[in-house]
Amino acid sequence: MNGLTSSAKPAGAGLSLGKDLLGLELLSREQIQLILDTAEPFKAVSERAIKKVPTLRGKTIVNLFYEASTRTRVSFEFAEKRLSADTVNIAASGSSVEKGENLVDTARNLEAMRIDMVVIRHPSSGAAKFLAERIPSNVINAGDGWHEHPTQALLDLLSIRDKLGSLEGVKVCICGDILHSRVARSNIWGLLKMGAEVGVCGPKSLLPRGVESLGAHVFSHIEEAIAWADVLNVLRLQLERMQGGYIPSLGEYNRVFGITEERLENAPKELVVLHPGPMNRGVEIDSKVADGPHSVILHQVTNGVAVRMAILYLLAGGTAERASLHGAKDEIGEVG
Amino acid sequence: MNVAEESNTLLDAGEIDRTLDKMADEMANFVGDARALALVGIQRRGVDLARRLAERIKQRLDCEVPMGALDITLYRDDLQTIGPKPVVAHTDIPMELTDRYVIIVDDVLFTGRTIRAALAELADFGRPARIGLAVLVDRGGRELPIQADIVGKNIEADVHDRVDVLLEEVDGTDAVVLVRGEKK
Chain C
173 MNGLTSSAKP
183 AGAGLSLGKD
193 LLGLELLSRE
203 QIQLILDTAE
213 PFKAVSERAI
223 KKVPTLRGKT
233 IVNLFYEAST
243 RTRVSFEFAE
253 KRLSADTVNI
263 AASGSSVEKG
273 ENLVDTARNL
283 EAMRIDMVVI
293 RHPSSGAAKF
303 LAERIPSNVI
313 NAGDGWHEHP
323 TQALLDLLSI
333 RDKLGSLEGV
343 KVCICGDILH
353 SRVARSNIWG
363 LLKMGAEVGV
373 CGPKSLLPRG
383 VESLGAHVFS
393 HIEEAIAWAD
403 VLNVLRLQLE
413 RMQGGYIPSL
423 GEYNRVFGIT
433 EERLENAPKE
443 LVVLHPGPMN
453 RGVEIDSKVA
463 DGPHSVILHQ
473 VTNGVAVRMA
483 ILYLLAGGTA
493 ERASLHGAKD
503 EIGEVG
Chain H
61 MNVAEESNTL
71 LDAGEIDRTL
81 DKMADEMANF
91 VGDARALALV
101 GIQRRGVDLA
111 RRLAERIKQR
121 LDCEVPMGAL
131 DITLYRDDLQ
141 TIGPKPVVAH
151 TDIPMELTDR
161 YVIIVDDVLF
171 TGRTIRAALA
181 ELADFGRPAR
191 IGLAVLVDRG
201 GRELPIQADI
211 VGKNIEADVH
221 DRVDVLLEEV
231 DGTDAVVLVR
241 GEKK
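Those protein sequence lines, which keep their order, are chains C and H. So the first sequence is numbered by this note's numbering: it starts at 173 and just counts up by one. So the second sequence is numbered by this note's numbering: it starts at 61 and just counts up by one.
Not the full set, but computed from the structure, chain C residues with beta-carbon under 10 Å of chain H: (1) Glu-212; (2) Ile-222; (3) Lys-224; (4) Gly-230; (5) Lys-231; (6) Leu-255; (7) Tyr-485; (8) Leu-487.
Listed next, the in silico SDA-like pairs over lysine to any residue satisfying Cα-Cα at most 20 Å (straight line): (9) C:Lys-231 x H:Ile-142; (10) C:Lys-215 x H:His-150; (11) C:Lys-215 x H:Asp-184; (12) C:Lys-181 x H:Thr-233; (13) C:Lys-231 x C:Val-260; (14) C:Lys-215 x H:Asp-152; (15) C:Lys-181 x H:Asp-234; (16) C:Lys-181 x H:Val-147; (17) C:Lys-223 x H:Asp-184; (18) C:Lys-224 x H:Arg-176; (19) C:Lys-223 x H:Ala-183; (20) C:Lys-215 x H:Arg-136; (21) C:Lys-223 x H:Gly-186.
Hints are computed from structural coordinates only; laboratory data are not their basis. Using N, Cα and C, we set each Cβ at its ideal position, and we do this for glycine too.
Bound conformation, chain H alone (with noise of 0.2 Å):
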């Protein structure tokens, strides 16, 4: 990282939390038969992301979510164009998606590509009834024609700027940064 970039945090831990606490309501809200719902956490912090909301609809409706992996990776539309491959991580979908409400998780939402992806890998595991999208930024510059259902915080950030979200399984802190980029 450039030691002269500019960055400032957008959500603390705390406020992560609360945010969290915010989407899963609304997911309560939105499904109705909760035994329907399956959440579907995207590679690598969506899939943490997922975990925790699961906790808390849980707690809510008293009902266990199932959860999954996507790795969106072999979906990718760009895979012809760029150097090194990615790293492909594991998808693991457990249960049944045919009829089930299944929610995707992520953290950022940016050109849509990565949901786009997420979506052609979900048809090639059934037909749920209904799939809809929750993050936990959204932070503008879509690419494609895809929006969320439900958003924790919304930002406005440039095209150029990074979005970080840090969470304690993976970077041992929780928090959501906005590093400036050079605008070109």
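With the rest of the complex left out, here is chain C (with noise of 0.2 Å):
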């Protein structure tokens, strides 16, 4: 033995995520770094005159979902299609659901026609966790109700990492409506597993009690989060939730919470601005924001796909058994 040995193994290698993606609470610091790394080599993918890959040829996935959804659901779609899989695409509008089909009847019928993975949208909290201990397919959430939405926050993660280089010690303000955001939940425990700072801004009623246990800095005026921020995700006002007295008026919520140019212009240092969209421009972002030099609004769209795809590619033919929180002990050969 002369003590040579190939020793350079990438990072990440023999790590898995299992099954499902249900939210990232339940990842490891390591698991969400090999999201992003695994990312970054799919985003050239869909810079290729020939945008496809063969990785999941044969694959079928069932992109199903129970609430309105454009950009998730067209993000998903070509992340798909794109690796080659077979996709379906099921609304719960004119489906079986309208005629009062339950989810697990759902899934099992698309389950005897052979599919493999599953990505789901659903107004229910534990919809997803419900449905992936129920089915022998891999499940991806695409939200559900209040809980996470972790592919949005992983895509929010990796726009702020290529703009800041790294996540360690990176000040991230989630500004708005925390309380009914799955998009904030699945943020703030991203962010702080990967080193970073998080706090909250919005009106006390949309701020859920005891958000500073969870290691979130509180703030309640915007003008204080903006002087500690290094990065601001504004989340939508969900418009569709405001009819239970939280806010006096949208007018009133942009002069008090809304992003707008002059703060901007007012903050000590530049600062990135995202948000999950879709966007209620003059509400809590002004369109001068929204279209200018901080925002990275739409690199999180391309930033989309290239998650959606490391996570597809991560998770296709994961079992239980082979999920691995620090690595595995299976090696993975040179195929030579």
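Take each chain as given, in its own frame, and dock them per the hints.
What follows is the structure in structure tokens.
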């Protein structure tokens, strides 16, 4: 033995995500890192003349959307198609769901047609987990109630990392309706695990009780949040949920919490502004900010496809037994 | 690495250097018009070898050889069967491939499956006039009808053996090592 051996193993080698992606609360820092790193080479696939690789050839994926969505559903569909999977979209309206079929029956019927993965968006918190425990297919949570929206948070993390080089020590303030926001919850989990500092800012009526206990700084004035933060993640004011008297009026909300050009100009440093879309221009964010130099909003959309390709790639064929938080034993051989 | 493993050095740093010289000579003769040549290295050590070969061809023919890097992970034929997914590295083909003479460069040729994947991936980038294959070590054991045009060193390795190519750029040293595996 001469002590020579090829030692350079890439970071993330041997790590698995298991069977499902349900939320960032359940992922380790290493697993989040793996997803973000894997997204990098997938960005380039979408820049090729032929935007397609054969990786998921022969896999069937169902996009099961019980809530309206354009961006997330289309983003998943592009990701699936660019990996050569066969995809079917099911929207609750116009499907057997309207006739009263329950979630498990719908899923079991799909299983009977031999599917491999399900992407689910559902108004009830915990719907993705409920489904994942009942079918052998890989399940990806595309948003469940107020609970989590892991792929959105992952593309947010990637966009921040692209802009600032790292997430470690970055101060991110999530602004707006935190209470009803699955995007906020997933972001808080993900950012804290990756070593970022998290703040939240919004009307008291829209901040969940006990948000400090998750490890977030709470700001009641947007000016304080702007003075503190490196990044603002501006959430959509969910107009459909504003009947409950949470805010006096949209105009008032904009006056007190709106991200305006003037407020950013008074900030001590250059801020990066994210928004998960769809935007209410002139309410939580002004057009000049949304379309201005601080905004990475369209970059987020581009990154969304790459992140979802990475997740589909990493999950495909994964089983619960193969889940490993910190690296698995089975080695990946060279193919020669 | 198992302490009980038996290993011996097939090529040391000087021998790798001379082998690459010989391979670059063969490439220069092989090609005719070097302006049509492009090298594509397979991640990860194939990329470093391609870079070294491009340097040598530049000295010989006084012309810049365009270089690309290919990661074949997404084209592998065994993704359905393996556990944790392999780490995906970058594919970067900055030059036009159509009508070029492309030489794929890799460290070790074994089953031929990597090269099959590489050929499929290259086809998604263009239609080269011709594609060749150069490897530092051919260890035999093919599972597909694929062979190299330019070979640095031929060896006979058992299917259980491992051939490790160590390169300065990745491993901090240059060597080709044969690690004897247990016969099953």
